[in-house]
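Model the full structure from these sequences, guided by the hints.
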Amino acid sequence: MAEERAQHNAALCSSVAKLQGMDEYLRARDELYRLSQQAKGLWLACQGLRHTLVHGPAGGPQSLSTDVQLVERAAPMSPYVPLVLTSILKEALARGVYPEVALKARFPRVERACQRVALVDYKFPSSLLRYLASYLQSLCIIYPKVGHMLLGYVSMGLQ
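The sequence shown begins at 1 in the UniProt record's numbering and counts up by one.
Honestly, the hints are just simulated from the structure, not real lab data. In this text, all values refer to a predicted model and were calculated from it rather than measured experimentally. Watch out, some of these pointers could steer you wrong.
Each pair of labels, with its calculated beta carbon distance range [to be verified]:
#, residue 1, residue 2, range
1, D30, R112, 51 to 61 Å
2, R95, L32, 35 to 45 Å
3, E100, Y122, 26 to 36 Å
4, S134, H51, 38 to 48 Å
5, E111, G48, 30 to 40 Å
6, P82, L132, 49 to 59 Å
7, A133, P82, 49 to 59 Å
8, Y33, I88, 28 to 38 Å
In this text, a Cβ means the ideal position worked out from N, Cα and C, and glycines have one as well.
Right, here's the structure in full:
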């Protein structure tokens, strides 16, 4: 009888240990699932912020405050997210920023204007004749198309 009782106690202890192990496993898996859901939410919020920065409305600056708040709410337990978000200027949050697409659309006009006034010295006042000479020089010079040059380098494997 004592042997059966000892065997029964051993089996019972073994079953309790297995049950505790399964309970620990399920708790760890639940925690991992919760963390993965938070990571997915943070990733989606960051993708929304990225989309605003790259493809926002081309008409004017886009405020980042709503997107930054979404990112902040997506990761309440992370110590790194608030550090990164505090590095964003308050002016960018309130006033907004121009999206990348709008800046890229503006650059050719700025580049063309810079080419037209390339001879003008910014340190000393220039005459109207110097502006005219710079403009005429910009008309005479043939500037290469950057997109076509990059395509050639990529096809030759030089990039």
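Hint check:
1. D30 / R112: 51 to 61 Å: 60 Å, holds
2. R95 / L32: 35 to 45 Å: For R95 and L32 the Cβ distance comes to about 41 Å; the hint holds.
3. E100 / Y122: 26 to 36 Å: The hinted range 26 to 36 Å holds for E100 and Y122, with Cβ atoms some 28 Å apart.
4. S134 / H51: 38 to 48 Å: 40 Å, holds
5. E111 / G48: 30 to 40 Å: 31 Å, holds
6. P82 / L132: 49 to 59 Å: 56 Å, holds
7. A133 / P82: 49 to 59 Å: 55 Å, holds
8. Y33 / I88: 28 to 38 Å: Check passed, 31 Å falls within 28 to 38 Å.
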